[in-house]
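Using the sequences and the hints given, assemble the complete structure.
Sequence order for the protein chains is A and B. The first sequence begins at 149 in the working numbering and counts up one residue at a time. The second sequence begins at 149 in the working numbering and counts up one residue at a time.
There may be inaccurate statements among the hints.
Note: identical chains are not told apart, hence a pair may lie in one copy or across any two.
[What the hints assert, rightly or not] Calculated lysine to any residue pairs in the SDA-like style (CA-CA distance at most 25 Å, straight line):
1) LYS233 to LYS312
2) LYS448 to ASN166
3) LYS444 to ARG194
4) LYS252 to PHE264
5) LYS386 to TYR423
Source of the hints: derived by calculation from the structure; they are not laboratory data. Nothing here was measured: the structure is a model prediction, and the numbers come from that model.
Number of protein chains: 2
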Amino acid sequence: MNLELVILGCHSAIPSINRNPTSQFLTIHSRQFLIDCGEGTQVRLRENGIGLGRINHILISHLHGDHFFGLTPLLSSLHLLGRNKEIHIYGPHGLKDIINLQMKAQGSWLSYPLIFHELDFTKKSQLYEDDKIIVHSFPVKHRIACCGFLFEEKALPRNIIGEKIKELSIPFLDIKGIKNGNDWEDENGKTHNNHSLTTKAPESLSYAFCTDTLPLENLQDYVYNPSLLYHEATFTNKHKDRAKQTHHSTAEQAANIAKGIKAGNLILGHFSTRYLDYSDFLLESKPIFPKVYLAKDGTKYCIKHQNPKSLEIE
Amino acid sequence: MNLELVILGCHSAIPSINRNPTSQFLTIHSRQFLIDCGEGTQVRLRENGIGLGRINHILISHLHGDHFFGLTPLLSSLHLLGRNKEIHIYGPHGLKDIINLQMKAQGSWLSYPLIFHELDFTKKSQLYEDDKIIVHSFPVKHRIACCGFLFEEKALPRNIIGEKIKELSIPFLDIKGIKNGNDWEDENGKTHNNHSLTTKAPESLSYAFCTDTLPLENLQDYVYNPSLLYHEATFTNKHKDRAKQTHHSTAEQAANIAKGIKAGNLILGHFSTRYLDYSDFLLESKPIFPKVYLAKDGTKYCIKHQNPKSLEIE
Chain A
149 MNLELVILGC HSAIPSINRN PTSQFLTIHS RQFLIDCGEG TQVRLRENGI
199 GLGRINHILI SHLHGDHFFG LTPLLSSLHL LGRNKEIHIY GPHGLKDIIN
249 LQMKAQGSWL SYPLIFHELD FTKKSQLYED DKIIVHSFPV KHRIACCGFL
299 FEEKALPRNI IGEKIKELSI PFLDIKGIKN GNDWEDENGK THNNHSLTTK
349 APESLSYAFC TDTLPLENLQ DYVYNPSLLY HEATFTNKHK DRAKQTHHST
399 AEQAANIAKG IKAGNLILGH FSTRYLDYSD FLLESKPIFP KVYLAKDGTK
449 YCIKHQNPKS LEIE
Chain B
149 MNLELVILGC HSAIPSINRN PTSQFLTIHS RQFLIDCGEG TQVRLRENGI
199 GLGRINHILI SHLHGDHFFG LTPLLSSLHL LGRNKEIHIY GPHGLKDIIN
249 LQMKAQGSWL SYPLIFHELD FTKKSQLYED DKIIVHSFPV KHRIACCGFL
299 FEEKALPRNI IGEKIKELSI PFLDIKGIKN GNDWEDENGK THNNHSLTTK
349 APESLSYAFC TDTLPLENLQ DYVYNPSLLY HEATFTNKHK DRAKQTHHST
399 AEQAANIAKG IKAGNLILGH FSTRYLDYSD FLLESKPIFP KVYLAKDGTK
449 YCIKHQNPKS LEIE
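Printed below as a string of structure tokens:
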């Protein structure tokens with residue numbers, strides 16, 4: 149039930165050797181999401197031991213090539229592998245036509261249903277919900293229409309006290325109700341207050357993905373206190389003007405954003421390929437937001453319920 | 149003036165770790181061509197030390213994704229790098245729309261002119277000609293419209309005998325004419341027969357690219373005696389039925405084709421990713437056509453005028 153984020157690519161614009169364009173594989177409450185899909189993502193998934201069969205939901209933030217050029221190739225490979233289970237794509241208007249045109253040119257159609265959900269760039273919108281998690285998109289400010297994404301665990305059940313189950317011989321079938329906050333009546337008709345049987349629920353984990361964008365003054369209207377924020381820092385302050393001009397952020401701006409929305413942890417990414425040394429990104433951000441980390445291709449970042457404030461790096 | 153072929157990718161269908169889809173970079177008489185452009189080709193070019201600025205002519209054999217998914221990403225990167233020199237694309241009908249749609253979605257158009265030449269799948273057709281080389285396409289037999297390509301040096305000038313230049317004090321300006329077969333008149337009015345001044349011209353080099361296709365009985369109508377033939381061998385005889393069904397060739401069939409058109413050398417490629425060991429490809433082909441080689445990603449194959457029958461591997 150940990151929150152796990154595998155960075156498949158964290159570089160902007162032009163792919164290069166060991167500098168892959170944006171893609172991430174998120175696991176939250178055992179649900180899995182592919183976020184953005186730059187060129188070569190299918191090979192990055194294999195390199196990171198993530199079987200292509202695990203892809204069921206793909207979110208595409210916007211239609212700059214470094215965020216979607218790998219999507220049709222991935223969908224095409226899943227077709228060749230004989231997949232028949234549906235895939236949900238959450239992406240901008242126009243993406244469906246791009247996929248369709250390329251598949252049509254190949255003289256084939258996909259072996260599985262593709263269910264397309266068009267993003268709304270005007271407001272925070274629910275993309276997905278089940279009994280455990282909820283996913284929203286929210287508009288960010290880029291040169292073309294672009295969304296960030298917020299993945300949240302719903303309120304978790306309270307922890308039942310193990311000794312109480314034994315002591316009171318609580319039947320297995322009653323445990324779910326107690327975890328959900330119900331009081332419990334024993335076989336003698338005595339009511340046990342829920343708080344005598346449980347301790348408080350673990351903190352729900354959440355992840356916000358926020359690229360490509362200018363620093364958003366109103367981000368807290370969409371995201372507040374996430375366990376983990378991935379925010380773009382395409383540039384350092386040295387290229388602050390370039391950041392503004394291209395609708396991107398600097399490391400310092402990203403740190404201020406993380407502080408403003410009271411993020412638990414911050415990962416910076418979407419680095420311009422002009423940088424060979426990333427130390428300035430940390431130097432600019434750490435004084436403002438100490439729990440900052442630099443994204444690295446092929447790295448897994450993990451937050452556990454036992455220690456929800458801490459980010460572990462594998 | 150050597151013929152150099154860098155294999156950027158020689159695997160079919162589904163890209164995997166160290167198994168890249170089709171792309172090749174050909175140098176013939178100092179002219180350079182990118183042939184097919186599977187996903188990730190721009191990074192393969194960098195890995196092989198081929199600057200993206202060297203790309204001026206791109207040929208796309210057909211619209212299966214493993215042969216063109218890397219094209220729009222490559223063109224997009226050249227745009228981001230600020231290119232302004234034109235690029236010629238030789239490809240199937242429909243490819244232009246695929247590029248246009250994706251560029252339009254990005255909200256930008258290319259910074260350089262894209263000159264599109266549509267392939268003719270009905271007959272052998274000239275794609276390019278200058279004073280030194282000529283390039284043709286020719287139809288092959290695949291599930292969708294597909295072309296092979298033939299690159300040929302034109303007849304080369306005769307070799308002038310170095311000692312004669314010195315002995316007869318032949319002026320520099322007269323040398324080109326002598327190399328082209330002219331007799332030469334010295335300052336005393338004496339005519340020197342061309343054959344007394346020159347030795348025969350080096351053999352012109354040529355390269356034929358032939359994938360994806362069933363073995364073509366009529367290939368010799370399009371290609372005869374090429375210095376080098378790259379022919380697909382997606383399968384071994386073990387999967388001969390599958391080859392026929394999917395309109396591909398086996399290693400044995402490719403060897404027979406090379407023998408039939410009297411190729412100088414044969415490179416097999418477009419291997420199905422089902423094979424982990426390629427020894428059967430050689431076992432099947434070498435008894436039929438001894439000068440056979442297996443394509444390998446990131447390898448350069450070279451034929452020199454001094455030794456036009458020999459293929460050197462770097």
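- Mind listing which of the numbered hints don't hold for this structure, in increasing order? 1
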